[in-house]
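Colleague: Note that the protein sequences, when read in sequence, are chains A and B.
Counting with our numbering, you get residues 1137 to 1447 for the letters of the first sequence.
Counting with our numbering, you get residues 7 to 370 for the letters of the second sequence.
Derived by calculation from the structure, the hints in this document are not laboratory data.
Honestly, I wouldn't trust all of these hints.
[Unchecked claim] Just a few of them, taken from the derived set where beta-carbon distance is under 10 Å, the chain A residues facing chain B:
#1 D1286
#2 F1288
#3 R1293
#4 L1304
#5 F1386
#6 G1405
#7 G1420
#8 I1423
#9 L1424
[As the list claims (entries may be wrong)] Only part of the chain A face toward chain B is listed, based on derived beta-carbon distances under 10 Å:
#10 I1184
#11 I1295
#12 A1299
#13 G1399
#14 I1402
#15 P1416
#16 T1417
#17 V1425
#18 V1426
#19 N1431
#20 L1432
On a predicted model such as this, the values are computed, not experimentally measured, just so you know.
For every residue, glycine included, the Cβ atom is placed at its ideal position computed from N, Cα and C.
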Amino acid sequence: MSDNTTTPPGGAKPGLKSWLLSDSPGSMSHARCQRLYLNWIAFSANPIAMVGFFIIASLVLIAVFAPLLTSGNGIEQYLANRLQPPSAEHWFGTDELGRDVYERIVWGSRITLYIVGLVGVIVAPLGLIIGIIAGYMGGWIDNILMRVTDIFLAFPRLILALAFVAALGPGLENAVFAIAITTWSPFARIARAETLTIRNSEFIMAAQVQGASTMRILLSHIMPLCASSIIVRLTLDMAGIILVAAGLGFLGLGAQPPLPEWGAMISTGRQFLIDQWWVPTIPGIAILVVSMGFNLLGDGLRDVLDPRSGH
Amino acid sequence: MVEGNFTTVSGTSEGSSPHPLAAKLSFLKMFAAPANILFTIVVTFVGLTAITFIIGRVMPADPVLAIVGDRASTEVYEAMYFKLGLDKPLLQQYWIYLTNVVQGDFGKSIMTSRPVLDDIITYFPATLELATVATFIGIFLGIPMGVIAAVRQGRMTDHIVRVIGLFGYSVPIFWLGLVSLLIFYAKLDWVPGPGRIEVYYDGIVDPVTGFILIDSAMQGEWEIFDNALSHLILPSAMLATYALAYIARMTRSFMLDQLSQEYVITARVKGLSEFTVIWRHAFRNVLIQLITIIGLTYASLLEGSVLTETIFAWPGIGQYITKSLFNADMNAVIGGTVVVGIGFVGINMLSDVLYRMVDPRARR
Chain A
1137 MSDNTTTPPG GAKPGLKSWL LSDSPGSMSH ARCQRLYLNW IAFSANPIAM VGFFIIASLV
1197 LIAVFAPLLT SGNGIEQYLA NRLQPPSAEH WFGTDELGRD VYERIVWGSR ITLYIVGLVG
1257 VIVAPLGLII GIIAGYMGGW IDNILMRVTD IFLAFPRLIL ALAFVAALGP GLENAVFAIA
1317 ITTWSPFARI ARAETLTIRN SEFIMAAQVQ GASTMRILLS HIMPLCASSI IVRLTLDMAG
1377 IILVAAGLGF LGLGAQPPLP EWGAMISTGR QFLIDQWWVP TIPGIAILVV SMGFNLLGDG
1437 LRDVLDPRSG H
Chain B
7 MVEGNFTTVS GTSEGSSPHP LAAKLSFLKM FAAPANILFT IVVTFVGLTA ITFIIGRVMP
67 ADPVLAIVGD RASTEVYEAM YFKLGLDKPL LQQYWIYLTN VVQGDFGKSI MTSRPVLDDI
127 ITYFPATLEL ATVATFIGIF LGIPMGVIAA VRQGRMTDHI VRVIGLFGYS VPIFWLGLVS
187 LLIFYAKLDW VPGPGRIEVY YDGIVDPVTG FILIDSAMQG EWEIFDNALS HLILPSAMLA
247 TYALAYIARM TRSFMLDQLS QEYVITARVK GLSEFTVIWR HAFRNVLIQL ITIIGLTYAS
307 LLEGSVLTET IFAWPGIGQY ITKSLFNADM NAVIGGTVVV GIGFVGINML SDVLYRMVDP
367 RARR
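Pulled out of the complex, with its shape left as it was, chain A reads as follows (with noise of 0.2 Å):
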């Protein structure tokens, strides 16, 4: 990354380029566009990380454009078509029930989009918020909130979901309350491994000085620092966020039918195995590539924005 900064505009020509390169950035939010383009260049010049980014990327241009892609909705049944192997017509073949195979999985994305970004969007501020909270105040405060981590922590995941699925009852919602309450915990952690490194940076002193609140030091001083290292745990999560939800899937007690979830369509798919191999077999492969998308995309993402976690 440094050969890029020091490395003047390939032959000054004005332009957006010699503008993000430029060794004096005029302004903060000039600087910050700089440091994203800086990060760009590294983060595209991995090729695993290119064909990570491709998939996720692939994968939400598909839930947008479903209807664009699909003639239906994926959940109209034709009878008279059903179990049919893949063909031009139906490119992975019908299902018990004569519905696309291809058209589920395409509207399946939008139902996985769904379930990690709601993760997502729970998990993250939660486990910064509870992390940096007991970095930063430390004591009796720090005490409490670890141990109740921990024992988050030490809970195996899979089993404390299911258990959860069960007491609030089957349905893609409860799932992914269920999974975020499994998965807050390690982000915690991070938060607060971050928090206790810059709690006595100077900056975070002369903050203190100047009268800042302890709230203002938190929220624009620290929660910024920990952001990357929560981005690059919670893409590498997405992986196993997606294997956890197929699988609450598969055991029904995730997306309820009619819904076209990749894990629950496996599990409806498991009795025609043998003779029409295509219907679990399809959107396991789904679920594959887009867990490998968001594995590759992370680990792409944790070179270039975690520069201490080495190779």
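Knowing the structure of chain A, use the given hints to seat chain B on it.
Modeller: Here is chain B on its own, set in the frame of chain A:
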């Protein structure tokens, strides 16, 4: 400023913990005083039971109805309601439950109408057998793969190992189990179908340890041993994919750290063979770090077996918990969850203690 902070972080984190995942369990590290260990265990145990207990009590199903049936008269219903202690405050109910659990009484299962503890004793060894064999597969394949990948860093072998690792991390295990059943059972007929043993062998071997492999070998029933082993191969191989991926990845990363150390250069300069340098010098240090990783893997397989057991009709604790869930059998769900949780925490603590015994640097 920020950069400076980053370097301090790397300095401290490398010094105090072997790996971020081990750091995640750093509450286990307070082993300085025995009182602390006891405290940690008690807090974790109380937390575990409290969470599961609350979950069990807010479950929408009515436990009384599940026992007496919906045709029971009001008197019978109320008698059972009081007998279960549901009229008492929640905190008191939890206290009663906790004191019972400490004495080994998890209550009675509605589904099997046996004490939950007896059920657990029946089902848990099957899970343990599956997870143990899977962990061994992971260790014996994953460690050499990781070492070789590190030694040949950046070359074809390394890439292959990394792709296998990525696959093991990302694949939904229940799907892999289905596909493998389709290929190896339905199409190729190399392995027997789901289940732990053929029905006609059922009940011949006395369950002494609960591990069919050990029991049948001890009692000289080799036919049964073969049968059980052939049933075990596919599910344990499926369960092992995650262990394999994780162990290989961690071994590779630890090994790369070691190979860049100065003592390795010294050993090479001395003229030691590459084999000795890798396996006797570098690998020894890796092995110590791997103890924690193997512990984490083993514990996660214990819970990961839930989905594998469903696919392969494996009569283990995971299948027991899911079946009880659908039957609204609270005592069984809570009991099973607590036992898996205790196993999970116990294994992690054990690996931490082992690590401390082997690595003098960790004893501070």
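Colleague: Each hint should be assessed against the structure and marked as holding or not.
Modeller: Hint check results:
Interface hint status for A/D1286: upheld, as the beta-carbon distance to the closest one in chain B is roughly 5 Å, under 10 Å. The closest approach between the C-beta of A/F1288 and any C-beta of chain B is roughly 8 Å, which is under the 10 Å cut-off, so the hint is satisfied. Hint on A/R1293 holds. Least Cβ distance to chain B is approximately 7 Å, under the 10 Å limit. This hint holds: A/L1304 has a C-beta 8 Å from the nearest C-beta of chain B, less than the 10 Å allowed.
Taking 10 Å as the C-beta contact cut-off toward chain B, the hint placing A/F1386 at the interface holds, the least distance being around 5 Å. At its closest, the beta carbon of A/G1405 sits 9 Å from a beta carbon of chain B; the interface hint therefore holds under the 10 Å criterion. Because the closest C-beta pair between A/G1420 and chain B is about 3 Å apart, less than 10 Å, the hint holds. Because the smallest distance between the Cβ of A/I1423 and any Cβ of chain B comes to about 5 Å, under 10 Å, the interface hint for this residue holds.
Here the hint on A/L1424 is kept, as its CB sits about 5 Å from the closest CB of chain B, short of 10 Å. Checking A/I1184 against chain B: minimum C-beta separation of about 9 Å stays under 10 Å; hint holds. Checking A/I1295 against chain B by beta carbon gives a least distance of about 5 Å; that is within 10 Å, so the hint holds. Because the closest C-beta pair between A/A1299 and chain B is about 5 Å apart, less than 10 Å, the hint holds.
For A/G1399, the interface hint holds, the least distance from its beta-carbon to any beta-carbon of chain B being 7 Å, beneath 10 Å. For A/I1402, the suggested interface contact is upheld, since its CB lies about 6 Å from the closest CB of chain B, less than 10 Å. Among the interface hints, the one on A/P1416 holds; its C-beta lies about 6 Å from the nearest C-beta in chain B, closer than the 10 Å criterion. The restraint placing A/T1417 at the interface with chain B holds, with a minimum CB-CB distance near 6 Å, inside the 10 Å limit.
For the restraint placing A/V1425 at the interface with chain B, the shortest Cβ-Cβ distance is roughly 8 Å, inside the 10 Å limit, so the hint holds. Here the hint on A/V1426 is kept, as its CB sits about 8 Å from the closest CB of chain B, short of 10 Å. Using the Cβ-Cβ criterion of 10 Å, the hint placing A/N1431 at the interface with chain B is satisfied: the shortest such distance is roughly 6 Å. Using the Cβ-Cβ criterion of 10 Å, the hint placing A/L1432 at the interface with chain B is satisfied: the shortest such distance is roughly 7 Å.
Of the numbered hints given earlier, the model fails none.
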